[in-house]
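Asker: Protein sequence lines correspond, in order, to chains A and B.
Under the working numbering, think of the first position of the first sequence as 1, with each following residue one higher.
Under the working numbering, think of the first position of the second sequence as 1001, with each following residue one higher.
Note that these hints are calculated values from the structure, not bench results.
Worth double-checking, as some hints may not be accurate.
Just the calculated beta-carbon pair ranges, DEER-fashion [said to hold, decoys possible]:
#, chain 1, residue 1, chain 2, residue 2, range
1, A, Asn45, B, Asp1162, 45 to 53 Å
2, B, Lys1230, A, Ser219, 25 to 33 Å
3, B, Asn1026, A, Glu39, 45 to 53 Å
4, B, Lys1204, A, Lys3, 21 to 29 Å
5, A, Phe225, B, Lys1201, 21 to 29 Å
Glycine included, each C-beta is placed from N, C-alpha and C at the ideal position.
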Amino acid sequence: MEKELRLMKGNEAIAEAAIRAGADGYFGYPITPQSEILEYLMEANPQATTGMVVLQAESEVAAINMVYGGAACGKKVMTSSSSPGISLKQEGITYIAGAELPCLIVNVVRGGPGLGTIQPAQSDYFQATKGGGHGDYHLLVLAPASVQEMADFVELGFDLAFKYRNPVMILSDGAIGQMMEKVWLKPQKKRSEEILPWATTGKPASRPRNIITSLDLDSERQEKFNLKLIAKYREMEENEVRFEEFMTDDAEYLFVAYGTSARLCQKALQLARAEGIKAGLLRPITLFPFPKKRLNELADRTKGMLAVEMSAGQMVEDVMLSVNGKTRVSHYGRMGGMIPTPEEVVENLKSFIKG
Amino acid sequence: MAEVTFNDIIKPENLAYRKSALMTDNVMHYCPGCGHGTAHQVLAEVLEEENLQERTVGITPVGCSVLMYNYIDVDFQEAAHGRAPALATAVKRLMPDKFVFTYQGDGDLAAIGTAETIHTCNRGENILIIFINNGIYGMTGGQMAPTTLPGMKSSTSPYGRDVSMMGSPIKMADIVALLPGTCYVTRQSVNTAGGVRKFKKALKKAVQYQNEKRGTCFIEVVSNCPSGWKMTPVESNKWMEENMFPFYPLGDIKVPAE
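When you get a sec, could you build the whole thing from the sequences and use the hints?
Answerer: See below:
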């Protein structure tokens, strides 16, 4: 398959990009609003072309543990789900982080808590960026704001997962998953045939047996392992912070928003500027690692920052930690599947400015 | 006839049993008299005799055998509690030429992992599931298992398992035998020399069926737990024969058509 321009849903773009990125396996379970990923892959039947395995598991729990098994063989494997399903996957995710395995997890977020709603939300930020399951760990979290980024972040996500031997999450939402946009798809990559030295692929005489486990009953060794994980996360913070800025050069007030919220803040920015308010936008692309340093720099020359999220206010806590009291920080958000309009964001910015 | 001396008996050429080359020298953590060590040794013998080391991926459970990867010299993945068949599914699908087995206890396979067990068998994944059924949670200190016999005492059924309140023991081998995905389901033991030989034969059959990709093989081993049952090893074996074997009868439950 050559490079190609297509009109696709965000969910379909993820599926097609996975095939083209040379993924070895996808394991999923249906849940709205992301079932198109599994459906698209089943219809595309890549097993017959690239050899990519696609399997509908009996539950999200089984699916993430299939990912564990495949990742432990050094294979490029992934799963996807939406909020309630991602909660179920947390057991597997913490084991994967603890066993230092690479994999890609897609969360097309819907409103919660509980069964919540099937409409878009950004209320899984804490769960995605602070660990999600038990124990001290982080995922590397990518937040796409377009169908193009849904596609691009699949390959990027796999690359980062293998670079750090750490699970990577694409934190999307129901709006980006369901909306259609044009998307440039990359040419088909061949699936890797490389046998990774740490992978469980059968023990040849030339090496000791490989054991993939997250268990160590010796506390001193376990603590050393925890420190090793922390060092890895610090390295991510050094090397992998990604963000995008809009009109920050002369901005007095800054929107901080990711994904769908960042898109509507781009419009809100124009509306605010038309009214003479010098607004800017910082869009974090990686939510972990978070663009702390850049926000801290911008705090020196802004009068305030408004975190706009489709949640009760989760990312805003990271913005506050980043600026460390240097400037005013507030939050505006809608919940339950409601998406704020650019007009209401501007109104909220105005009242924030008034103080 | 010349008298046979002790020194004759222990000559290497007269050894009927030896430690498998695939058994490591690590000291086992199992309690004295426990069946796990024997089951490990027999499995290692089969993997060695069938030249499977280079293409075997084993999946260990959460339970007493969580540290099995310390004892058999093949590649291992350690699963979350009950999830071993899900891991094995992916390993086999992604690397169809490998020999993939799970080794699970009753809590792991028949309680928390019931869904994974049933669906893996139902899909007919080409893996071998070895199920050690000792009717109790050994590692956590003798709690009631899904396979605990009616009336049997445990730390969470201190007055004996009351089936009206706690349900009846599950016969997992019989359940998975009903699924079209399984090709070979058998129930064995390792507490006697005869039992060990039959278990080994069952493992060899499973290897053959796996090589032929005939579906899921499921070997249950009815075993003992001297510590959890609060008995000596000898008492526990006697109790197992008198109580466990009548409830979980040994022998083949499903064999493939030749």
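Asker: Run every hint past the structure and note whether it holds.
Answerer: We went through each hint and held it up to the structure:
| no. | hint | verdict |
| --- | --- | --- |
| 1 | A/Asn45 to B/Asp1162: 45 to 53 Å | 52 Å, holds |
| 2 | B/Lys1230 to A/Ser219: 25 to 33 Å | 30 Å, holds |
| 3 | B/Asn1026 to A/Glu39: 45 to 53 Å | 48 Å, holds |
| 4 | B/Lys1204 to A/Lys3: 21 to 29 Å | 53 Å, violated |
| 5 | A/Phe225 to B/Lys1201: 21 to 29 Å | 42 Å, violated |
Violated hints, listed in ascending order, are 4, 5; each of the other numbered hints is respected by the structure.
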